[in-house]
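A.B. asks: Produce the entire structure from the sequences given, and follow the hints as far as they go.
Next come the chains, spelled out residue by residue.
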Amino acid sequence: MILQLIDIGYLVAVVLFILGIKLMSHPESARKGNSIALAGMILAIAVSFFTPGLDNIVLILIAIALGTVGGLYSAKTVQMTAMPQLVSFFNGMGGAAAALIGLVEYGDLAIDDIGKGSVLMASLIIGSVSFSGSMIAMGKLQGVVKDIRVNKILAFLVLGLAIALAVYVLMAAEPKPLFVYGLVALALIYGLLFVYPIGGADMPVVISLLNSLTGVTAATTGLLYDNKVMLMGGILVGSAGLLLTLLMAKAMNRSVSNILFTSFGSAAGTAAAGQDGDQVAKEINTYDSAILLAYAKRVVVVPGYGLAVAQAQHAVHDLEKILEEKGVEVTYGIHPVAGRMPGHMNVLLAESDVSYDKLIEMDDMNEQLPNTDVVMVIGANDVVNPAANDDPSSPIYGMPILEVNRATNVIVIKRSMSSGYAGIQNALFFDPKTRMLFGDAKKVLNGLVSEVKNM
Amino acid sequence: MILQLIDIGYLVAVVLFILGIKLMSHPESARKGNSIALAGMILAIAVSFFTPGLDNIVLILIAIALGTVGGLYSAKTVQMTAMPQLVSFFNGMGGAAAALIGLVEYGDLAIDDIGKGSVLMASLIIGSVSFSGSMIAMGKLQGVVKDIRVNKILAFLVLGLAIALAVYVLMAAEPKPLFVYGLVALALIYGLLFVYPIGGADMPVVISLLNSLTGVTAATTGLLYDNKVMLMGGILVGSAGLLLTLLMAKAMNRSVSNILFTSFGSAAGTAAAGQDGDQVAKEINTYDSAILLAYAKRVVVVPGYGLAVAQAQHAVHDLEKILEEKGVEVTYGIHPVAGRMPGHMNVLLAESDVSYDKLIEMDDMNEQLPNTDVVMVIGANDVVNPAANDDPSSPIYGMPILEVNRATNVIVIKRSMSSGYAGIQNALFFDPKTRMLFGDAKKVLNGLVSEVKNM
Amino acid sequence: MILGILKEPSPETRVSLHPEAVKVLTGSGNQVLIETGAGDSSFLSDAVYQEAGATVKSRVEVLETAEMIFQITPLDAEDQKKLSRGKYLVGVYQPLVARELMKSLAETGVTLLSMDSIPRITRAQSMDVLSSMSTVSGYKAVLLAAANLPRFFPMLMTAAGTIAPAKVLIIGAGVAGLQAIATAKRLGAVVEAFDTRPSVKEQVESLGGKFVEVPGAVEDKGAGGYAVEQSEEYKQKQSEMLEKSIIKSDVVITTALIPGRKAPILITRSMLEKMKAGAVVVDLAAANGGNCEGTENNKTVTLSGVTIIGNSALPASMPEDASKMYSKNVQNLLKLLLNEDKINLNFEDEIIKGTCITHDGAIIYEPLLK
Amino acid sequence: MILGILKEPSPETRVSLHPEAVKVLTGSGNQVLIETGAGDSSFLSDAVYQEAGATVKSRVEVLETAEMIFQITPLDAEDQKKLSRGKYLVGVYQPLVARELMKSLAETGVTLLSMDSIPRITRAQSMDVLSSMSTVSGYKAVLLAAANLPRFFPMLMTAAGTIAPAKVLIIGAGVAGLQAIATAKRLGAVVEAFDTRPSVKEQVESLGGKFVEVPGAVEDKGAGGYAVEQSEEYKQKQSEMLEKSIIKSDVVITTALIPGRKAPILITRSMLEKMKAGAVVVDLAAANGGNCEGTENNKTVTLSGVTIIGNSALPASMPEDASKMYSKNVQNLLKLLLNEDKINLNFEDEIIKGTCITHDGAIIYEPLLK
Amino acid sequence: MEAIINYISVNQQEFYIFILAVFVGIEVISKVPTVLHTPLMSGSNALSGVVIVGSIIVLGKTDPANYLALTLGFLAVLLATLNVVGGFAVTNRMLEMFKKKPGKK
Amino acid sequence: MEAIINYISVNQQEFYIFILAVFVGIEVISKVPTVLHTPLMSGSNALSGVVIVGSIIVLGKTDPANYLALTLGFLAVLLATLNVVGGFAVTNRMLEMFKKKPGKK
Ligand SMILES: NC(=O)c1ccc[n+]([C@@H]2O[C@H](COP(=O)([O-])OP(=O)(O)OC[C@H]3O[C@@H](n4cnc5c(N)ncnc54)[C@H](OP(=O)(O)O)[C@@H]3O)[C@@H](O)[C@H]2O)c1
Ligand SMILES: NC(=O)c1ccc[n+]([C@@H]2O[C@H](COP(=O)([O-])OP(=O)(O)OC[C@H]3O[C@@H](n4cnc5c(N)ncnc54)[C@H](OP(=O)(O)O)[C@@H]3O)[C@@H](O)[C@H]2O)c1
Ligand SMILES: NC(=O)c1ccc[n+]([C@@H]2O[C@H](COP(=O)([O-])OP(=O)(O)OC[C@H]3O[C@@H](n4cnc5c(N)ncnc54)[C@H](O)[C@@H]3O)[C@@H](O)[C@H]2O)c1
Ligand SMILES: NC(=O)c1ccc[n+]([C@@H]2O[C@H](COP(=O)([O-])OP(=O)(O)OC[C@H]3O[C@@H](n4cnc5c(N)ncnc54)[C@H](O)[C@@H]3O)[C@@H](O)[C@H]2O)c1
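Chains as they are written, first to last, in my numbering: chain A, 1 to 455; chain B, 456 to 910; chain C, 911 to 1280; chain D, 1281 to 1650; chain E, 1651 to 1755; chain F, 1756 to 1860.
Do not rely on the hints blindly, as some may be mistaken.
Stated by the list, open to error - Quick partial rundown of chain E residues pointing at chain F, CB under 7 Å, derived from the structure:
| # | residue |
| --- | --- |
| 1 | F1665 |
| 2 | I1667 |
| 3 | E1677 |
What the hints assert, rightly or not - Simulated crosslink set (DSSO-like; lysine-lysine; CA at most 30 Å straight-line):
| # | chain 1 | residue 1 | chain 2 | residue 2 |
| --- | --- | --- | --- | --- |
| 4 | D | K1524 | D | K1383 |
| 5 | A | K326 | C | K997 |
| 6 | A | K326 | B | K531 |
| 7 | A | K358 | B | K898 |
What the hints assert, rightly or not - Have a look at the derived ranges for each label pair, beta carbon to beta carbon:
| # | chain 1 | residue 1 | chain 2 | residue 2 | range |
| --- | --- | --- | --- | --- | --- |
| 8 | B | M535 | A | G439 | 41 to 49 Å |
| 9 | B | I608 | E | N1661 | 35 to 43 Å |
| 10 | B | G782 | D | N1578 | 52 to 60 Å |
| 11 | C | G1215 | A | Y397 | 42 to 50 Å |
| 12 | B | G782 | C | G937 | 52 to 60 Å |
| 13 | D | E1482 | A | E329 | 55 to 63 Å |
If you're looking for bench data, these hints aren't it; they were derived computationally from the structure.
Built from N, CA and C at the ideal position, the CB exists for glycine as well.
C.D. replies: As structure tokens, then:
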């Protein structure tokens, strides 16, 4: 009877997992999805305690208690910005657990069950890779681990060796614990080599991939014990994680193979555009910009000549309207010489029927900027160039500017890092508060409109 | 070996089914999806010929040949408008086949296998209901069968009796073929009673539901033979069909229970808005309009005063641009007195920067209309009212109009059926070519823009 | 039929028929005579008319030969003498105002078709000179105002300071008023409009203007879209509301007319005094007495620093397009009147009945008979 | 410091300092004198100036008492006699053109600051009267053209026929040209523009205009954004291309200037003859000889049916906002010149050096010394 | 109760398959656009013709002497074939309009 | 070859389950909006902590005398718990921002 109930409990847990992931993929129901998945997990754990012949209960409970405290504590205290690191860390823990199970289990294994044996070896290798890879990914995000160029062939050799060892252990007539440890060590090294050369910007994709791998180890562990909940949960996480990896890469306009198999040196296609000497401008994508805008209280748009060139006046008004619908206050900061003729911005914005009340003069705007969450500079350059204030040798020194870096965040929309009318570089683009959103103003703004609409 | 290959063949067929349905749910891949599903079906049929101990091959082939000829012939010759009837007919055939299998199988059945017995009875009843229901649905769509009010209780009594007979047959110590025939007869009658009272407009939903039922009989038949392809295929069609039923009902702004359990008389909730005496205007939703537009070659926009009231000039230009991007040719037909002042539409469209070249005068436009796939009338009314040509008693008789019903399709966007400046009803709205898209012009157009963008 | 186009007396610059219309009319068998230089002030030379099929003649010849005579301005006594019984006259005669003239014309026995009397029914929209000329006036009024205002219309934020947008108030949102709203909006002004008919609120807003609401107006649906006289109490309230808007406006364009009456005074002297120095009033109702105290017809005056433009002949200041539109209106009327080249005066037709003022020696225009 | 505002001689209607500027200047300790009625033609009364802190005086008193004298128009010989050594003069003197006047002024020993000589560097944008006045001219040129055109600017599809949009050609897309493009676009015209500097193509397009391209122009980056003289071959090609555009245009607005030279002739008589009757040319280069053959400065003439408007004093036709902008420019220059109420003539400053024409009895303006 | 639990436990695999298949069925069409409702209905109708497999088996296993069963079986195959072939063919015709995607820019 | 075919045939059910589960996994997130990428990654990371079930079983079945195994098992449970608990908690925090949808018009 207990056994049957365990089966049913696992079955229900799997259904909860599926529902949980499903709900989690829609913004309105995401929180509910997380709770349902959690319920499924609690059920699965609870049920597993009824496994016949379970011993060391106290030890188990202690371990769980410690893990719970640690997990909760770190999750509650982590800073918003450090969350991806933490996810990576947690993921590594899962991989490590799977590898540890494999190690313990190896002792108990009947030597001749090649099927189970292979599954076990897979658990060991994948779990170890996932563990060490996750740790490096975390380090990279934290800024502790630097990018290192790694010879691809070396990496594959290491992996090959680990697999060869696994095959040897499987074929061997008697247990070879030492070889097993060696194999684990090699797999750990491969994990390092695998993640080391990938650029920090691509880490989220890598973490998603590693997460998918942890899912696979869960599934293999499930096979080992003929445990449905691990098997199914693992497959779900594995397949969902893989798709998610592809989607994330796509959203960043990268291909997965590009990310994984090109060293950061040559993969800096887009980053190079934002480099000036040793200064590097930080990029942002449309989605993240949309989030920043949609969840801001006050947004200021600073239009410049580029808005006119792109003929993006209608698009910017659309964005304004949709943000206002979401409760964001939007105004425009108009610099007196923005554009190429006096009143250029007025002509432009009047054409798309932007209300006159929303156009704020430079001096008034400079006072309002400190209370502004996001400034969106669209195709403007000289009129927001701090050199006008700071650099007496600059040709624009002495011109009053819109001091946009008084605001909390600055997003600059332009096509490249090239200069404006005055032909000079702009330190604003390298300001810690600034993110560059590259592209034609009209296209970018239309993209932002669709994104904000979906929120 | 053959047996194993059969298993694998079925497995592959199931995967093909899933892929087929999946692809079929996106416009770009729908045709491919249909082919893949067909491939799966051919595979399943081919594999089933290898069932050990299969006899009467010639007979089978003859039956298949006849069925193929008949199916292809009717599918090729049917008129576009009669397709739903045909689908309903085919669906009935599937149900009938399942019921027939049940009848044949009943003879072979070991009396004491209650599990299989119940499954068999279910096959018989559901298959029969599906058959007779589909036939009535077809008749209704064809206009042969009229709506009849049916006492719900009577219908349930019939069904109850059929189930009671089934239980009796199952419990009986020896075969009761007569009772089985009686049970089938009752189920057939229930099918009739079930569909009879439902209004003709709701038939598509009913057919989808019956289709889902046929899927269930396929699944039960699969259980009978422990045949995975039938089981899985059946479950897929059953669940997909059920969801589709719900979606279809939702798209029509109806609830399924409303459709099934309310007689046609009282169900005219939404239709009332578009009714004028006994004329009923046909509605269309945003999505279908978007498809119509996106797959057209030539679209003509006829703007009127409502476009100005809604201040939808920017939205209509956006739609124009996105359609042009998709290769659709868009022009505007400008009636000389559209709006409320001379040149009202010009002012409006110039504001949103619609190119002057795209504005076509009424007379020229009337000549171009016969080559136009879709005319989109936006907030115009009097200027497209055929009464100006046809009805000498009309206050607008003698005014030249844009004769939009010369085009292949007409979509009219306005908020309601209310009249325009002249205060008179418009026969165009009841034209067989016309579909009404109700709503504020700006909102509707923005909706169309997003839909077309996603295509 | 022989059609004759006369040269308009100064200051009128339009011409009744455009060469395009002449081409169509000669094409259907009519003969068209045109007085030398009739099109000159509309930038249409005699040569162009000849190309279109017209014959250039002297004024006297046209007056004597043509069976149907076109001149927008009413014929003067001199010319009238040259008319013979049975001829047709087409022009803008304002029969309800010029009652004496109607009587004398009736006596000459001509059939007078006054373009401004065409009933404003849907079918007659294409012949409606009031609408087409109001379109010109509404547009031109804004241009005049902008040219005379010492300020910019649009807002400009420049290195030499920020220029606030001009505030434009349109009083009377009929055809001319709506066109003025659209034009002022185009130029970047902030536009408000007022009308006694509350139903035009939606129309004003459909052009991006703001409607100044005065609650309690009477709208007579029977008046065919025209305004009706309002109660004293309402007028009082209206005046107060309007004053607020007028005082803060840079430009006021008035078009308020009630058919057959003197135009209502909406801007009083005391309001003028409170207006900004340099403000501009364009009074399109000047010919009917004006909506502004102090307006002088066809003159520009300055009162308390406010420029008041009483130019009621705005269509004449844009002769080419104004002629084109007027000619199109006439041409559309002729489609009803002429069967190819034969006249067909069908008094059953509401439009012909409403347009025909005198016929066969008598006045037959109903509003004049009452 | 004592600042003195003079009333401009007719036809100038602007005034050098706006009451807003007066308020700021008196606020920082200066004394401001103003000639009676100096602001009248800009709709700024003496009362308003007094409120802002100025004292109203006679012309002579202002000339004699003030240490720094503001008049946009150069002072005439009479007034110059009343100047004493060490005074400052601020106005628009065109030093490269009026060389004789510069010499005589130098002799009086005054320090002349000519607003039109301010170097066009980024920092000086807020003092650049050429830009601010060109803004007014560009806007006003279009309004003048529209008011004089016998046709509509926008397209209109009406019951009285369809009116095609006017075609407007802007030659010279500098500050005034760009503003003209924007204004003509606003009014609904179809706008083309031409300039010898290919780099303005993008600017024209950024305003919705179409750029007429003539391949092969020379652009001198060193000329600070100004045009340079072009080769004969290029001029030939340009003339052919332009002729095509000119002939089909309803309105041509020319602003082509090359600093220090006579304006190039771009519209010849033979082109004028081929233009549409009723077309309008507004020649903003009229003061420098004009871009159109037949242009007369400050006059409107009609040649071969084309109206040529040579009004080069357009800012004076919009005195209120033009004065406001000019005053803002002056005020921004004074920020450099005055330290609270003390003068600080720092010749190290590029702007002051470039603006100061005569000082201490001598001409110190470099372009005049060469 | 116990019987049910037992049944579920014994037939776990089937239950997993059943639940997963239902999920797949639902997920796969959950985002279907309205235009595709009818073609999809038609397509899934064609798929429900999978009973043809059962019909073939039934007819194939019928005693060639049992004429009643033979007739019924023959009919079953015939009708099921109609369902399959007709279903796919008509779906294909419905989908014809999605054939030539207009030239995306 | 034959071995493989045999294997598939014998483990048919498992294959069905596997294929269906993969389909479900993919379908269920195929329409995820970009904003949810990170939370979803975090959530599925929490789910991958399901290895905790294996860890519990392993530790539960370890001979209480085998200290090495006990230690490893203990560690496995601890780490897996970290993964599960931390994963869900951090996901929850990430999703906080979707809590109070800003006042839609
Ligand atoms: N207003 C006047 O009266 C006037 C007159 C003459 C000169 N100026 C001068 O013009 C300048 C005006 O400053 P500003 O900030 O407005 O302009 P700006 O400094 O010229 O910068 C414009 C920026 O817009 C970007 N851009 C161009 N096309 C774009 C497109 N399609 N989409 C997105 N970005 C685009 C360019 O960068 P990418 O190429 O990287 O995209 C460029 O850096 C000042 O230096 C002012 O002195 C003004
Ligand atoms: N052009 C002129 O010079 C002039 C001058 C005076 C009169 N007129 C007359 O005005 C009429 C013009 O014809 P028309 O076809 O342009 O206009 P119309 O016949 O007045 O019809 C306008 C339609 O727009 C719809 N509408 C209003 N607001 C809307 C919104 N926000 N969204 C969507 N639809 C909206 C209304 O239907 P719902 O309420 O159902 O939405 C109405 O039926 C003619 O009768 C003409 O004679 C013209
Ligand atoms: N049915 C048709 O086809 C047709 C044809 C032409 C015009 N019309 C309609 O007729 C109406 C009148 O057009 P019009 O331009 O010739 O009118 P109009 O020139 O007679 O009057 C101009 C406007 O002034 C307003 N007005 C009158 N007294 C006023 C006051 N005291 N204060 C403020 N405003 C006042 C009127 O309401 C009117 O809107 C318009 O609504 C027009 O759309 C209809
Ligand atoms: N750096 C700054 O801050 C600043 C300040 C003010 C002006 N500017 C720039 O200086 C430039 C000149 O401005 P402006 O309006 O005073 O110029 P302008 O009045 O001297 O000349 C007007 C225009 O005519 C053009 N032109 C000359 N000869 C021509 C010919 N033969 N055919 C056609 N076009 C001809 C010139 O290229 C110029 O664009 C502008 O580009 C302006 O943006 C820059």
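A.B. asks: Taken at face value, is the distance from the CA of K898(B) to the CA of K358(A) at most 30 Å?
C.D. replies: The hint holds at about 23 Å.
A.B. asks: Could you grab the alpha-carbon distance between K326(A) and K531(B) and see if it respects the 30 Å cut-off?
C.D. replies: violated, 52 Å
A.B. asks: Taking only the CA atoms, is the gap from K326(A) to K997(C) under or equal to 30 Å?
C.D. replies: violated, 71 Å
A.B. asks: Between M535(B) and G439(A), does the C-beta distance stay in 41 to 49 Å?
C.D. replies: holds, 44 Å
A.B. asks: Does E1677(E) meet its interface restraint, that is, does its C-beta lie within less than 7 Å of any C-beta in chain F?
C.D. replies: Because about 4 Å separates E1677(E) from the closest Cβ in chain F, which is inside the 7 Å limit, the hint holds.
A.B. asks: If you check the beta carbons of G1215(C) and Y397(A), does the distance land in 42 to 50 Å?
C.D. replies: holds, 44 Å
A.B. asks: Evaluate the given range 35 to 43 Å for the C-beta pair formed by I608(B) and N1661(E).
C.D. replies: holds, 37 Å
A.B. asks: Can the hint on I1667(E) be confirmed by a CB-to-CB distance to chain F that is less than 7 Å?
C.D. replies: holds, 5 Å
A.B. asks: Should the hint that G782(B) and G937(C) are 52 to 60 Å apart at their CB atoms be regarded as holding?
C.D. replies: At roughly 42 Å between Cβ atoms, G937(C) and G782(B) fall outside 52 to 60 Å, so the hint is violated.
A.B. asks: Under the criterion that the straight-line Cα-Cα distance not exceed 30 Å, is the pair K1524(D), K1383(D) satisfied?
C.D. replies: The hint is violated at about 46 Å.
A.B. asks: Is the interface hint for F1665(E) satisfied, with its Cβ closer than 7 Å to some Cβ of chain F?
C.D. replies: This interface hint is violated because 10 Å lies over the 7 Å limit.
A.B. asks: Against the range 52 to 60 Å, how does the distance between the Cβ atoms of G782(B) and N1578(D) compare: consistent or not?
C.D. replies: Because 56 Å falls inside the window, the suggested range holds.
The structure fails to meet hints 1, 4, 5, 6, 12, 13 from the earlier list, while all remaining hints are met.
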